[in-house]
Each structure stands twice: as C-alpha cells, then as structure tokens.
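> The lines below spell out each chain.
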Amino acid sequence: MRHLLLGNEAIAYGALSAGVAVAAGYPGTPSSEIIETLEEYKDRFVEWATNEKTAVEMAYGAALAGARALAAMKHVGLNVAADPLHSAAYTGVVGGFLIVTADDPNMWSSQNEQDSRWYGLQSYIPVLEPSEPQEAFKMAKEGLLLSESLEHPVMLRSVTRLSHVRAPVDVEPPAPPKFGKFSRNMEKYVLVPQNARARRADLLKKWERIADIAARFISVEGDGPVTVVTSGVGYLYAVEAVERLRVKATIIKASMSVPLPRKILDLIRGDAVVVEEGDPVVETQLRILGVRTRGKLDGFFPRMGELSLRSVIEGVSKALNLGVKLPEPPRPPLQPPPRPPYFCPGCPHMGTFYALKLAAAGHNVVWSGDIGCYTLGINTGQQDLATHMGSSVGLGMGIAVADKEKLVIATIGDSTFYHAALPQLVDLKTKRIPMVVVIMDNEYTAMTGGQPSPSKLIPAEKLAEAVGLKHYAMDPADLKKSIEVAKKAIADAKSGEPVVVVSRRPCILEAYRTARRSGVRPPKYYVVADKCKACGICYNVLRCYAITRLPDGKAWIDPSLCNGCSMCAQVCPYDAIKTEDPERARKWLELWSRA
Amino acid sequence: MVTSIVVVGVGGQGVMTLARWIGRAALAAGYDVKIAEVHGLSQRGGSVEVHVRFGERVYGPVVSEADADYVAALEALEALRAFKYIKEGGVLVVNKRIIQIPGRYVDPEQVYAALSSYARTRFIPAFDIAVKLGDPIYENSVIFGFMARMLGLDGYVDWLDARNLKAFEEGRKLASS
Ligand SMILES: Cc1ncc(C[n+]2csc(CCOP(=O)(O)OP(=O)(O)O)c2C)c(N)n1
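Which chain is which? The protein sequence lines are Y and P, in order.
With my numbering applied, the first sequence corresponds to residues 2 to 596, in that order.
With my numbering applied, the second sequence corresponds to residues 10 to 186, in that order.
Excised from the complex, chain P in its bound form:
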C-alpha cells in the first residue's frame, strides 16, 4: 500500500518544506518515501507542486491524475488547479487563503464555494492561526499538523522545532475534532 499526496501552493509559502516534513515523518515511521520536487522557474511567485508518496516500497516518484489520496493546498486557487489529482474518495485539504494573481482578481467567496462543492474538502484556517501565533510563515506547520494526524504520522515529529510545533498542534487539534 502506497499513500500518495500532492502538496501545492504559491512560491514562497513553504510548499517544499511542508512536503519534506511529511516525508520525514513517514521515514521516521519506518516507511519508504519519495518526494518529487520541482526547483527553478516554478519558484518565482508561480504555482508550486510537490508530490509525496510513502509506503512499504515506493517505486514511481510522481503522483498521477486521479490517483492522489490527499491534496494539501496552502492556497485556494492552487487547490482548484490540483483538483485533477484527487482520486475517487480522496481528501482535499485547503488552507483558507487566496493569494491574488496580478491583474486577475477573483472573488474569494466564489472560490471557496466552488471548493465546498466537493464533499471531501476540509478547509483549515491555517493562515489566520499562523497570524495569531505571530507570523504567517507558520501556516504550513498548521497544515502539517492536520495532515500528520490524518496520515497517522503525528507521533513521528519529535524533530520539529518548538515554534513550528506550536502551530503543528493547532492543526492536529483540528484533525482530531
């Protein structure tokens, strides 16, 4: 059994870090792991997409369309863009935040409504929580907490530093409730 996750967001949001955290927790839990990153041009404020797969033995590094157990989106427009990856019954985890595209303003409510039309969407106010904790950079830690709990990996993060751990706990609580 291999679990496939697609992590998306906007360059600068810590998409890669989130994916590596998930991979590191999975490794600590004893799984084989592959993380497919994309570096370079994709980081200049553009869409960023990283694939994580873990299980007893992972072969292919890339998640195919209609094959992801989870899509974790740090931004709502990117959640729409990654929608094609969700497999039947897969879960879409969305940070409730929109980073507008220059010259292409979209109405946030319309985006959230569209995402809610999928039954297995879970909105996480990670950005708001992170701001309350003092810095928006912790939004990926909040999502990490949520994901780790969903994936059964929340017991394998003793390497996470204290400040990120606080945000992590907030996310984990949301997944437990």
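Here chain Y stands alone, though its shape is the one from the complex:
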C-alpha cells in the first residue's frame, strides 16, 4: 500500500532502508520531520544536536568510524556547520555520510533564500536533488550508499515544496543499522598543511570522477526540438508547463545537479531553457560548459521566491517567444486586512515582553532580537533586529560598545541560547559589556514544533553562574513580580554590569497538551462589560490574540481562543476581567509550570 508521506518522511525511510545507524540534526523548517521520523527507530542513534555544527560533526565522526550516518538541517543550518563540512570532503569518509539540507525559497519560515547547492560546488561535495517524495526516498537510499562507495560525503538538497509536500510513496522496510569500527589513518584525518595538500590534490581528482558518475543521474524525456534542462522540483513544473503550452521538447533532468557532467553536452541541441528552484546553479554550470542558456541569469524566470506553474509557463513562453498570456488572477471583492502571526494566547513570551516594556519605560532601549517564536515581539515594537540565531547577544554587544547612550536588551529563546550564545556569554563577562540578556526559557524549541531543549537538563542560570554573571529569575505569568525583576536588571546594566534574566515558563501549547493528557480543562477568562472602560491595555499593550477590540472600544475575549493564562486579568486596571473559578485557575498555573 502506498502511503501519503511528506518528502521529509520519505527521506528518513530512504536512509533507514540504506541502514543508517547514526542520525543527527537541529530543528528548522522545512527540515524537522526527517529526524522526527527517525527518532521512532530505537535500534539506532538518533539525536537532536545543540546546533547544526555538532549535528554534522556527530554524523561525520560516525562515518569516519565506518557507520552509515545522516545529518539533517535547514539551509541556514549549513552555514553553522560549514567548517566541518569542508573538512569532510578533504578527509573523505569510511561509512556513508549523507548531509540533507532543506532550502526555503520564498522564505516561508526563514530569514534568507540561500541555495545550498553552492555549498556543493564550494566544498566539492556532490548534490542530489530529488523532485518529489517517491524520488526522495530513492535518492536518500542511493545517496547514502553512493557516499560509502565513493568514500566521500554526499549532499541531498530538498526545498519546502519537497520536504513539505505529501504524496503517495512506496517504501521498503528499514535495513539493520550499520555501525562501524574506527581505524587510524593519520595521513588522511589529521589535516596539518602537509597532509591537507595531499588531500586537496586527491580531492580534485576525485571530483572529476564524481563528475563522470553524475552522468548516470541524467534522465531524458521526449525528443522535441526544444531543449529544457531541469533539476529538482523545477522538473515537475517544466513537464506541466511544456504540456500546457503544447511545446515539443526534450526534457533533461539532472538529478545530481552538482557537479554537472560534461556528457550533458551530448544531449543539448541549440539553446537550453533552464528550470530550477533557487539560484541559477545548474544554469551557471551549463554556461561554464559553453551552453547558451535561457533561465534565471537573463530574467526569463524570476530570481526571487519559488517557482510556480504560472511563472514557469510564462518563463518558457518568454524564452521561446510564444507570446502566451495567462488570465489575470481575480481580484477579491473586498481587500481583507493582513493576518500576521501572533503569540498564542497565554504564550509566556507575551508576559515577558509586557514586563520588559513597562520596566524599560523612559529608557532609550535597543531591542536586540533573535530568531524564534519570540521574534513576534515585533508586534509590540520590541524587536529592533533579528537576523540569525544568536544575533540578539552577538549584535547586541556590538551595538552596546558602539553606542553607549543606549540600553541594550537582548531577548533570546532557550534553544537559540544553547545553539548560538554560549561563547557570547563568555565574551559578555570577559569584556564586561553592560547589557541585559533575557533568556526566554519556554523549555522547548517551540517555533519549529516543540522539539526538546537542553534547558531542562542544564538550566541557563547555572551557566550564567559558572561564567560569573549576575542573574535573576522571573516567571512571566506573574507580571507584577516580573516587572520588578526587570527593573532591577535594567538598573544593573545602567550601572555598567552585564546581567542575565532567565524568564521561565513552559510553552503554552505544550501545557495544553499536558492538560489534555491529564484530563484538565484550563479556565476561561471573560470581560465584565459594565466594568470595562475601553482603555485597551489588554488588546493594545499586552496584545493577547484572544482579545478583540469591539466597535465601542471595549474588550471581548474569544472563549474558543482563551488559554486561561490570567495575564489580561492582571493588567486590567478596572478589575473587569474575571474567571468563573479562581481555584481552578490557580491549579492550572501550577500544572502549566510543570508541562
């Protein structure tokens, strides 16, 4: 029976059927379900690493020891792991080593649109590019085995429209895990310059061999006069576009898109239309091989965002001068207001930001932000920057030394803190940079679906303590106390001392799951209309998503959205927000803190 599987699930099953024994990753949309799927298999070592570098190192080390290993991450994660990645190509491996990266064209959940395939060219690692889930299964399996036979790492590049596409997939059962034995090979594995030079020479030779092998990954459909070169999901759109346009074409699919084999030249007649997702990586290689191309380099297809059937039909039409005009998209009879994402009602980050905002009133604050659910602090103007994981503390330190007038408040989630900010903590102390670092510890990696975070095992305050930094604890569901704590921390920073605040309360979604399991129904809060004076503090300053401003300015709490956090009742100056059963509300706060 074929099952509807996500591309990510298919990748995991492919690796399983190749006998993967060690798999490591760091969560990141659209890649997370690969490790989540593998986690179910207890006969192998599968882990969420603290960041992508340690994930790649874990898998690389295992592959050096002869195991079949996989590392999975989103595209930007590969930047974090770039150092060991490049070394892996120099040393080679013994067991199969497959690096899976999921790119995010159109930036559905990312800060940039980088194309991982460049890393293949840069590091001399071949890149496989499946186009749909069934092929992802096959290539994950083949890729791992190919890596082992080449004794060289192999990358598998996915994109959002593969990782998060569900389609029927036939899977084969998992093969037993292949662990290994480490054998010494100092000349290969110790990259002192003398050894590294020999490895470099070897690598260049190997790369030529790999380019020949890439020819095996080329398939051809049709034999029309128009040549269309495709890779990855670009292939899918190209087939459909050519069909709709009734163009007689030869469609060449390069499933190993890095490196492109010289043999591809034998298949190309005249100019080549190139359809690929992301940057013009295939097209650039074709140009180097001397092919005249019509792709993204000259603007036949958009350089931004992801491909669509529409943009590919229009691009092919432009490239072939067909003059096809597609119908304009219908305009809505009424323009709806935008619906940006908000903190979930009861999100502890909402309480932390509220407390920080009130405590920092009157100060000239730079809200040094970061990547995670708490980036939604933009909704209350409390993120002045958020560029990459670790930006809050890292860039915050730079701002603090450059502009001494400002008070820097860095806000960072727990998973992000362990991922990216431990070295910064050391710099904060050794350079004594006066700023407030707020670790928003919801005990999960919430943004990417609630994966575990190290915070339960290694509380952040212990690390602050070890480094010798002054630190405070706060519970964001207790707003009055939180404001007091935040005021103290701000006073410390103003007096020249770096200070850490750990604001701890579990993610409300996890709390809700716990409640459902234990049969507890969280309380609901409601507005007593007579008492509400329409001041707007609950919906403007606290900004709970469950609270709506009615036409007369009064507040209304949507009972289907309220999560019973009590924060609105705490901020209401008129005591107009109530709950039916205060005892139940108290118990809920208690259960929640243990979720």
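One or more hints might be untrue.
[Stated by the list, open to error] With the C-beta cut set under 10 Å, the calculated list includes, among others, these residues of chain Y facing chain P: (1) R162; (2) V234; (3) E241; (4) E244; (5) I314; (6) P328; (7) P333; (8) Q336; (9) F344; (10) C345; (11) N380; (12) Y540; (13) R544; (14) C545; (15) T549; (16) P552.
[Stated by the list, open to error] 25 Å max Cα-Cα, derived SDA-like pairs, lysine to any residue: (17) P:K93 with Y:S318; (18) Y:K532 with P:Y114; (19) Y:K588 with Y:I484; (20) Y:K579 with Y:G554; (21) P:K93 with Y:P342; (22) Y:K481 with Y:E462; (23) P:K93 with Y:G306; (24) Y:K579 with P:D144; (25) P:K105 with Y:P560; (26) Y:K525 with P:P111; (27) P:K105 with Y:Q336; (28) Y:K579 with Y:R544; (29) Y:K579 with P:Q109; (30) Y:K249 with Y:L321; (31) P:K93 with Y:S309; (32) Y:K579 with P:P111.
In case anyone wonders, no lab produced these hints; they're calculated from the structure.
Even glycine gets a Cβ: it sits at the ideal position worked out from N, Cα and C.
Let chain Y serve as the given structure and place chain P with the ligand on it in line with the hints.
Only chain P with the ligand this time, still in chain Y's reference frame:
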C-alpha cells in the same frame, strides 16, 4: 485531468487536516495526489494555506493563481485572501464564520456580502453545525463532507472516525441538496 484545490483558514482550525483528508480520499479513489503544506511560522494564529491536487498523474505540487477549481475556506476573511486562486468558473466554498484580527475589527455582513458578489460562492454554516454537534473542532469535517461530495470522493472515506463522520454527513447533505 488534474483537480486543484486551495484550502485556507486560520492556524488552529484544522486546515491541514482537512487538506490531508481530501488527499487521502483521492488516494483511496485511485488517484495520484500532491498536498503542499506550509509548516512553521504560519501556524501561530496566522493565515494557513494548503494546496491539494489530484488526478491521474500530478506533477507540480502548488496551485497557481487563477488556476484553482475549488477554494475551500474555513474562515471568511481567508476566503477573500484566497480569491486570487479561483480560476474562471471555479467554486468558492466558505465556512460562514469570521475570526477577527486583533485591532482590525471588520463587519461580518460586509464580508459575506462581498463574497456573495461572486456567483459561484457556496456558504456552509459549518461552524454552527459543529457547535450543535458539540464542538467547533468538527467544522472542518462538515466542510470535508461538502467538498468530498462535490469532488465525487464521498465514497472513499471509510477510514474516517465515527464522530467526524457525523459532521461529514451534515456537510455531504448540504452538497446533495
Ligand atoms: C541556523 C538555524 N537553524 C535553525 C533555525 C530554525 N529555527 C528558528 S528559531 C529556532 C529555535 C527556536 O527555539 P527557542 O529559541 O527555544 O525559541 P521558541 O521558539 O521556543 O520561543 C529554530 C530552530 C534557524 N532559523 N537558523
């Protein structure tokens, strides 16, 4: 022939589940299927949009603007937002419900009137039906029943559990009448 459907709503309404149900019924009916989901940031109370395509052989996973045979909206403001996907003659199925956006109150009647201006809009009181059945979470099952009937897939849902099936039947009846 490929049928293209865009399913939209607000994070938490079960948009993804509805899309997967449609896909599963289509698979059971013997079709090739692709469901394009978006995970991550889009789920935090924001707009959610999932594309479903089924047919003998489905290539591209994403539905283009002006190319959807159906738009199924679990919420009326999201129906407006997805309007651009409807192809000429396409059907817009709307759950008669508005989830207000904080600080951006809109008059529901104005929204419904705007949606009615399109000749092939079908309003379904899925939220009200679900509440009558005991829980608003069944609203997506009601819409599923309606859609499944329209798509000729209502004979391929024997895997649906009893409580959802009840809501499904309500939706299916609306499509038959
Ligand atoms: C290098 C890199 N890896 C992964 C991601 C994906 N990602 C975005 S935020 C985040 C962590 C969020 O967890 P946390 O810091 O605990 O904050 P929360 O969402 O729980 O509030 C991750 C893994 C990324 N943006 N960049």
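> Look at each hint and say if it fits the structure.
Here is how each hint holds up against the structure:
1. R162: Result: holds, 5 Å to nearest chain P Cβ.
2. V234: The hint holds - V234 (chain Y) has a Cβ within 10 Å of chain P, the shortest such distance being about 7 Å.
3. E241: holds, 4 Å
4. E244: Result: holds, 8 Å to nearest chain P Cβ.
5. I314: Result: holds, 8 Å to nearest chain P Cβ.
6. P328: Since chain P brings a Cβ to about 5 Å from P328 (chain Y), closer than 10 Å, the hint holds.
7. P333: Cβ of P333 (chain Y) sits 4 Å from chain P, so the hint holds.
8. Q336: holds, 7 Å
9. F344: holds, 7 Å
10. C345: holds, 6 Å
11. N380: Result: holds, 9 Å to nearest chain P Cβ.
12. Y540: holds, 6 Å
13. R544: holds, 7 Å
14. C545: With a minimum Cβ separation of about 8 Å from chain P (threshold 10 Å), the hint on C545 (chain Y) holds.
15. T549: Where the cut-off is 10 Å and the nearest Cβ of chain P is about 5 Å from T549 (chain Y), the hint holds.
16. P552: At about 6 Å, which falls below the 10 Å cut-off, the nearest Cβ of chain P leaves the hint on P552 (chain Y) intact, so it holds.
17. P:K93 with Y:S318: At roughly 22 Å apart (the allowed maximum being 25 Å), S318 (chain Y) and K93 (chain P) satisfy the hint.
18. Y:K532 with P:Y114: Given that 25 Å is the threshold and the Cα spacing comes to 21 Å, the pair holds.
19. Y:K588 with Y:I484: holds, 23 Å
20. Y:K579 with Y:G554: Distance ~18 Å between K579 (chain Y) and G554 (chain Y) Cα, so the pair holds.
21. P:K93 with Y:P342: The given pair, whose Cα atoms are some 21 Å apart, holds under the 25 Å limit.
22. Y:K481 with Y:E462: Given that 25 Å is the threshold and the Cα spacing comes to 21 Å, the pair holds.
23. P:K93 with Y:G306: Holds, at roughly 18 Å.
24. Y:K579 with P:D144: Given that 25 Å is the threshold and the Cα spacing comes to 24 Å, the pair holds.
25. P:K105 with Y:P560: Since the Cα atoms of K105 (chain P) and P560 (chain Y) sit roughly 18 Å apart, the hinted pair holds (cutoff 25 Å).
26. Y:K525 with P:P111: Holds, at about 18 Å.
27. P:K105 with Y:Q336: Holds: K105 (chain P) and Q336 (chain Y) sit about 18 Å apart, inside 25 Å.
28. Y:K579 with Y:R544: Given pair K579 (chain Y), R544 (chain Y) holds - Cα atoms ~17 Å apart, limit 25 Å.
29. Y:K579 with P:Q109: Since the Cα atoms of K579 (chain Y) and Q109 (chain P) sit roughly 22 Å apart, the hinted pair holds (cutoff 25 Å).
30. Y:K249 with Y:L321: Holds, at roughly 11 Å.
31. P:K93 with Y:S309: holds, 14 Å
32. Y:K579 with P:P111: Satisfied, since the Cα-Cα distance of roughly 20 Å is no more than 25 Å.
Every hint from the earlier list agrees with this structure, and none is contradicted.
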